[in-house]
Amino acid sequence: MELQILGIGILTWIVFIPIVGMIIVLLLPDKNRNAIRWTAAVATGIQVILAGVIFAVFDRTKLGINDAESFQFMEKFSWITVEAVPWVGRIEINYFVGIDGLSVLMIILTSLIGFIGVVSSWNIDKMVKGYFTLYLLLVTGMMGVFVALDFFLFFIFWEVMLLPMYFLIGLWGGPRREYAAIKFFLYTFVGGILMLLTMLALYFSVAYTDPATGQSVHTFNILHMMNPANYVEGGLLSGVDTTWRYVAWMALFINFAIKIPLFPFHTWLPDAHVEAPTPISVILAGVLLKLGTYGLLRINFPIFPDATVYFIYFMAALGMISIIYGAFCAMAQDDFKKLIAYSSISHMGIVVLGIAALNTQGMVGGVLQMFNHGIITAVLFLSVGVLYDRTQKRGLYDFGGIANQMPKYTGLAMIGMFAALGLPGLNGFVSELFSFLGAFEAYRWITIISVTGIIITAGYILWTIQRVYLGKTPEKLTNLNDLTPREILMFVPLIALIILLGIYPAPAIELMNSSLSHLVEFVRIGGY
Amino acid sequence: MVEETLHSISLYLPEIVIVVTLCVIIVADLVVKSQKQVAAWIMLGGLVIAGLFVMLQSGTVESIFYDMAAVDPFAVFFKTLLILAGIFVVLFSMKNRELEAYSLRMGEYYMLFAGMMLGMMMMAGATNLLLMFLALEVTSISSYVLAGFTKSSLRSSEGSMKYIIYGAVSSGVMLYGISLLIGVTAATDIYAINEALAVGVEQTLILNISVLMIIVGLGFKIAVVPFHFWAPDVYEGAPITIAALLAVASKIAAFAMVIRFFSVSFIDSGGFSVTGTWSAIEGIHWDVLLGGMAALAMIVGNLTALRQDNIKRMLAYSSIAHAGYILMGLVILTSEGLTSIMIYLFIYLFMNLGAFYVAMLFMNKAGTESIEGYKGLGHRSPLAGVAMTIFLVSLTGLPPTGGFVAKLYIFGAAISAGWIWLVAIAGITTVISLFYYIRVVRNMYFFKPDENDAAIEFDFLSRVILFALLIPTLLLGLYFQPVLEFARNSMLMFGF
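Residue numbers (this note's numbering), protein chains in the order written: chain A, -9 to 518; chain B, -16 to 479.
Calculated directly from the structure, the hints in this document are not laboratory data. Worth double-checking, as some hints may not be accurate.
Distance condition first, Cα-Cα at most 30 Å in a straight line; then the derived DSS-like pairs of lysine-lysine [said to hold, decoys possible]:
no. : chain 1 : residue 1 : chain 2 : residue 2
1   : B       : K19       : A       : K21
2   : B       : K134      : A       : K21
3   : A       : K462      : A       : K119
4   : A       : K21       : A       : K119
5   : A       : K328      : A       : K466
6   : B       : K431      : B       : K134
7   : B       : K431      : A       : K116
8   : B       : K431      : A       : K383
9   : A       : K116      : A       : K462
10  : B       : K431      : A       : K328
11  : A       : K173      : B       : K431
12  : A       : K119      : A       : K173
13  : A       : K398      : A       : K383
14  : A       : K116      : B       : K348
15  : A       : K462      : A       : K328
16  : B       : K348      : B       : K134
17  : A       : K119      : B       : K134
18  : A       : K119      : B       : K348
Some residues of chain B that are not near chain A, with every Cβ distance over 12 Å (derived) [stated by the list, open to error]:
no. : residue
19  : A11
20  : E319
21  : V414
22  : E468
No residue lacks a Cβ here, since even glycine has one placed at the ideal position from N, Cα and C.
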């Protein structure tokens, strides 16, 4: 399927609209803050509309994953081609984008969170121009990763996110922002280097025969890398179940595990979250973490099915540890943001456990959990942001009785809290249930232990509600204003989705079902 | 014979133009002493004309002056780079406040500069050990003096002195190695040496020693560990323009010579299929030796750079580390490896000169060489701050900048040749390098400037120079096909 606007494909639009916005922002004068804000809002707003169009016309039956024919909205242009010279083969790098059932939800999530991030950035007054320039660049990077089907392109978008994020945390963050920013940068850069090396090793191991000329062409095309027939003889990563393939899988896994973040690669996250300004925390938890699990599903699983199966228990175990460990750590926090940060680690562990089940149920549950967690943590971080804006405090013990003073706000925040807890009828429940059901089929004991994480989660969430929203109001905290219309605007779409997908998750599941079943089948055939 | 010589001269025009420029500068310096910048403009003109002649030579594959030097796409590539670097450094010199105190001696400065350019261009084409050594010495001696040019500065004199002592010793060692090599092979030009090696040389021990000694001399010029000790002191002491020239141009020239020397004389002369074997000289695993040097350079360069506070010293150690990355391509010695060296050097030219240039601008306007002194500079001058950020990010090797493409090709070549451990070290050290590059960025942006520090403005020419370096650094990260093809097509060396 193709959809073009002014002769340019819809995916190119959705990826590069923020860059257009960024250029406009750069041209606007410093003083004109509102124009800068509106530009960013319009750019990300257009993304939301485009995502809506994609949602409407997306063909739910097509498989994608490894089959180039069934990717949708595909665009492919030659980017860099060096013709063959006698001693080196042809080099080919393509601008190759397209989406399937795996990426379509992430596109919707990214555009939505991107827009809400702008709304929530409205009251940032420090260096507005620089802020939105970096913000829009970051959004382009995130969106690009989700649509890229060429490893080189994937890598470029992946790394483009680093520098804006570094500055956004480092310049607009809290008191220890410098430390948090460099820690984030170093962790993800280590991962990036590992991915770079693996990407190069894959490139030299994979060559397809160009049907037109009969030449053997090395390629960064991710889909070609999934086909065992394309591996050259004697290539570093050729063959099945070789040590180098395990090493390569592990290198990629560490890169993605840092982003997820999975225990023991998670320590950058609490620092980054606590120090980042609210909108950036929202982006970080809402979208950035999903890049990790998305990368596992897009790259690790289908390119290395053998190694995936080999390490599958290891993955499930790490998922379990993250669930339990994250939940316990969350319970011990007295900083609201840190609590949510650790709860993210715990909830992303559920995603990993779900996809490690290697069955359709678990996979659907995992990917749906990626989407749901994005929505839920966004609500949670926005809730903290609202309180912080009014009181400059984040400590859980600093608050109390907020419900009396800000009833509207408390109502909305509570829905987010209960969704995080996994209350039936809200979206978190559906995806957690699917993930655990799938995982239970595959690993009985690991799942049984993991499910206890739910109880701990209930514990810390309820305790938080009690400490912050219920009880007596400290004297200093009287006269808090309830939500402004702008703040309601940023909560409402998210809350609506939480309730909608809790009652009727079918629209989301339909989007990805066929692709994910195909992915499971593909990995199982390749791995076992 | 006369015809041959005349023909050779017609192919040696770029070098001759530089010699003429040198002479014109001497005369002009005597005649119009009052005009400060006249020598600079003459130098600039000379470089541009030489550049045009270099361009006219593209496509030529010939050996001139009886196998003394080669004019081939490979030499043209490196001469293009050298002239580009030369032009930039002359422009820097016009803007450098350090040199203003010596305005009466600027004739000397450009005369030496021309001498250095001449030596480096000769290095790019030399195919005879004697000419190679001569070219190396012309370059070195000019640069010793240039490094000590600001003679009222103690550090400058100290650096220059160290440079001479290290340089003299390593030149001596290299010369001894050359004489041994000539002794065992009975040949002075590298093609004849190659033939002699193909037939087989009896005294393999002496042969090995001679090559080791030559590596010492070349290693000194590239500033690779363990022959790097001069670099930080010299860079710190020398005027920053000369430091930039040493870090970029002299490295480019040295790599041109190293590549030509190794790939012509050591590759089995079967011809086209460059296999990258080092089999011509048995006894020592040359690739492992060079790989070790590369690894050491990356480790030592990057780790030591972490602790530097002077921006010039930091860039010196960073350039030692980069020499290590570049050397990886030589270890492989396949055309893939050599092409990736050329791509790396091309991009390195812009990003490293850029970093030196912004450092110079900050020195001019804010008077600080210390990285701690960079606090708040990003807010005082957004343009230079952003530019410096991009140059440093590029030196780190993050996309979408040219530095990423450079690293991509070097790493790729090493992986495809199976040097996994070397690439692993390169990867780890790249992460380390992020730390000290980003520290400069952090200081520029994460601190507020003092209230009474005014914003920094630059004049038109300064900005033009900045953009001339910035645009290629960024553009080459997104669309690098031209440089790729340029490097590929320039792989052709005379004799293959």
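Hints, verified against the model:
no., hint, result
1, B:K19 / A:K21, "violated (42 Å)"
2, B:K134 / A:K21, "violated (48 Å)"
3, A:K462 / A:K119, "violated (41 Å)"
4, A:K21 / A:K119, "holds (9 Å)"
5, A:K328 / A:K466, "holds (23 Å)"
6, B:K431 / B:K134, "violated (36 Å)"
7, B:K431 / A:K116, "holds (12 Å)"
8, B:K431 / A:K383, "holds (24 Å)"
9, A:K116 / A:K462, "violated (35 Å)"
10, B:K431 / A:K328, "holds (28 Å)"
11, A:K173 / B:K431, "holds (22 Å)"
12, A:K119 / A:K173, "holds (25 Å)"
13, A:K398 / A:K383, "holds (20 Å)"
14, A:K116 / B:K348, "holds (26 Å)"
15, A:K462 / A:K328, "holds (23 Å)"
16, B:K348 / B:K134, "holds (22 Å)"
17, A:K119 / B:K134, "violated (46 Å)"
18, A:K119 / B:K348, "holds (25 Å)"
19, A11, "holds (45 Å)"
20, E319, "violated (6 Å)"
21, V414, "violated (5 Å)"
22, E468, "violated (6 Å)"
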